[in-house]
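Each chain, letter by letter, is given below.
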Amino acid sequence: VALREATDAELWAAVRAGTGDALEALFDRHGRTVYNFCFRRTANWSDAEELTSAVFFAAWQKRASIHLTHDGSLLPWLLGAATNLIRNRSRRMARFARAMTQLRGQHAAEADPADEVADRIDDERTMGELLTRLSRLPRREQEVVALYAWADLSYQEIAQALGVPIGTVRSRLARARTRLASFADTAGDLGNTLAEGRHPHVDH
Amino acid sequence: MSITDLEPPAARDIPRATDERIRRTLRAAVAESAPAATWPRAPLRRVVVVAVAAVAALTLAALASTGILQRAVGDLGPGTKSPAAVVDQIRSDWTKSLTEGAAKDPAASFQNLPSGELEARLAAAAKSYGFSVRDLTILHPKQDAPAIVVQAAAPAKVIAGVPAIMRTLDPKAPGADNEGWAYEGFFFEVVDKSGRPVLVVANTWRSPNAGGTQWAAPGYELPYAHG
Chain A
674 VALREATDAE
684 LWAAVRAGTG
694 DALEALFDRH
704 GRTVYNFCFR
714 RTANWSDAEE
724 LTSAVFFAAW
734 QKRASIHLTH
744 DGSLLPWLLG
754 AATNLIRNRS
764 RRMARFARAM
774 TQLRGQHAAE
784 ADPADEVADR
794 IDDERTMGEL
804 LTRLSRLPRR
814 EQEVVALYAW
824 ADLSYQEIAQ
834 ALGVPIGTVR
844 SRLARARTRL
854 ASFADTAGDL
864 GNTLAEGRHP
874 HVDH
Chain B
25 MSITDLEPPA
35 ARDIPRATDE
45 RIRRTLRAAV
55 AESAPAATWP
65 RAPLRRVVVV
75 AVAAVAALTL
85 AALASTGILQ
95 RAVGDLGPGT
105 KSPAAVVDQI
115 RSDWTKSLTE
125 GAAKDPAASF
135 QNLPSGELEA
145 RLAAAAKSYG
155 FSVRDLTILH
165 PKQDAPAIVV
175 QAAAPAKVIA
185 GVPAIMRTLD
195 PKAPGADNEG
205 WAYEGFFFEV
215 VDKSGRPVLV
225 VANTWRSPNA
235 GGTQWAAPGY
245 ELPYAHG
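Keeping their order, the protein sequence lines are chains A and B. Take 674 as the starting number for the first sequence in our numbering and just add one per residue. Take 25 as the starting number for the second sequence in our numbering and just add one per residue.
Calculated directly from the structure, the hints in this document are not laboratory data. No residue lacks a Cβ here, since even glycine has one placed at the ideal position from N, Cα and C. Hints may contain errors.
For each label pair, taking beta carbons as the anchor points, the in silico distance ranges come out as [what the hints assert, rightly or not]: (1) A108(B) with A690(A): 44 to 52 Å; (2) A148(B) with G840(A): 53 to 61 Å; (3) P838(A) with S152(B): 52 to 60 Å; (4) E678(A) with A249(B): 52 to 60 Å; (5) A675(A) with A108(B): 27 to 35 Å; (6) A737(A) with A147(B): 39 to 47 Å; (7) S152(B) with E678(A): 50 to 58 Å; (8) S231(B) with A737(A): 51 to 59 Å; (9) P838(A) with G154(B): 58 to 66 Å; (10) D37(B) with R812(A): 23 to 31 Å; (11) Q135(B) with G691(A): 38 to 46 Å.
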């Protein structure tokens, strides 16, 4: 089966057999989503790169223990792994963002057009503000909200990503909605987003 | 404020340089072909890592002159590998050693420089030694572990200054060789004006992989005396 046409399960079977090309094909397929999810959870593009690399590296290292059904997607596992990595990493890095903006801009400008660099700096500032609001929720609710609103996963996929029952996903999301509604003055918009369904601009 | 105001920034493509770095990491992992479901044996240990127990005896002389534990890496020399391949391997090994160290020696603690201080020191060193910062990534095995790539039109000048640069960026408190460093790991790479790697120094300080390595392209001197 050509790599591009292969299902995730077919690619994953090849990965488990030790085929590096299949791992890269999965990176081609899901890397952008993982990268953007990691950014949305950290508000830092440099961290997003580090985390994306770590997620796919972990997938390779743990390939023997990851099982996909024939129509399964690897994405929930990848985003679950990203969530775990983000949960366990030092929070200290988040405070580097502002201090590093100028330096990042300098080195990024060597590889990227200047307007792209400026946009990415703006992204970090915008996302940082949004994460500050999200941080008012308990961590477990933050994780469910992020996977639901910013990664467009279904309840079942979130359950798979986090390794919890689907009922737990529902209850955490319900509690998050209630809590956000109580923050109406400052976080009402995100609460509205959850109440209305998907975020209108989740992009894959 | 409206929902539109609160939406996350639109998804972006992975920049080409970032994409290449991630793919290099994955290819290195595949090439390593570590047993599935287990963390790999750290290759860094295989080729360069100095056991903590041996550090003091092995490097007293080096410490006296350089202040840092480093050993030459004979089998990571130019050989049949390209400089880029050698550096990819060293960086991959370094990352794996950090991972293993964080898992096996989580209690070790490092006094990381305050937020922004590393960047300030790096900028000052860049001005003094004539290099530009191509990449600064801070990994977080447990605490911070900086990976820095700098570019220099005159790499030899930078290489000669590496011991001083490293001591500035990764200061060490007095004490045994394997403790008192600001970071649990540090990776410093110099590339020439065409982007070709010419030097790498790297270390990790959590057990069981405490130690370091250095590599220089043909035609360049290693900055540290051999351990």
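Between the beta carbons of A148(B) and G840(A), is the distance compatible with 53 to 61 Å? Since A148(B) and G840(A) have Cβ atoms about 56 Å apart, the given range 53 to 61 Å holds.
Just to be sure I understand the hint, the distance between the Cβ atoms of A108(B) and A690(A) should be within 44 to 52 Å; is that true here? Violated, since A108(B) and A690(A) (Cβ atoms, about 28 Å apart) do not stay within the stated range.
At the C-beta level, are Q135(B) and G691(A) separated by a distance inside 38 to 46 Å? holds, 42 Å
Given the hint of 51 to 59 Å, is the C-beta distance from S231(B) to A737(A) inside that range or not? violated, 27 Å
Whether the CB-CB distance between S152(B) and E678(A) falls inside 50 to 58 Å: Taking Cβ atoms as reference, S152(B) and E678(A) lie about 55 Å apart, which means the hint holds.
Measuring from beta carbon to beta carbon, are P838(A) and S152(B) in 52 to 60 Å? Once the Cβ atoms are compared, 58 Å apart, the range 52 to 60 Å for S152(B) and P838(A) holds.
With respect to the beta-carbon atoms only, verify the hint that E678(A) and A249(B) lie 52 to 60 Å apart. holds, 56 Å
So the hint says 27 to 35 Å: do the beta-carbon atoms of A675(A) and A108(B) match that? Taking Cβ atoms as reference, A675(A) and A108(B) lie about 29 Å apart, which means the hint holds.
Taking the CB of P838(A) and the CB of G154(B), does the distance hold inside 58 to 66 Å? Between P838(A) and G154(B), where Cβ atoms are some 59 Å apart, the hint holds.
Taking the CB of A737(A) and the CB of A147(B), does the distance hold inside 39 to 47 Å? holds, 45 Å
Go ahead and decide if the range 23 to 31 Å is satisfied by the Cβ distance of D37(B) to R812(A). holds, 30 Å
Violated hints for the displayed structure, listed by number in ascending order: 1, 8.
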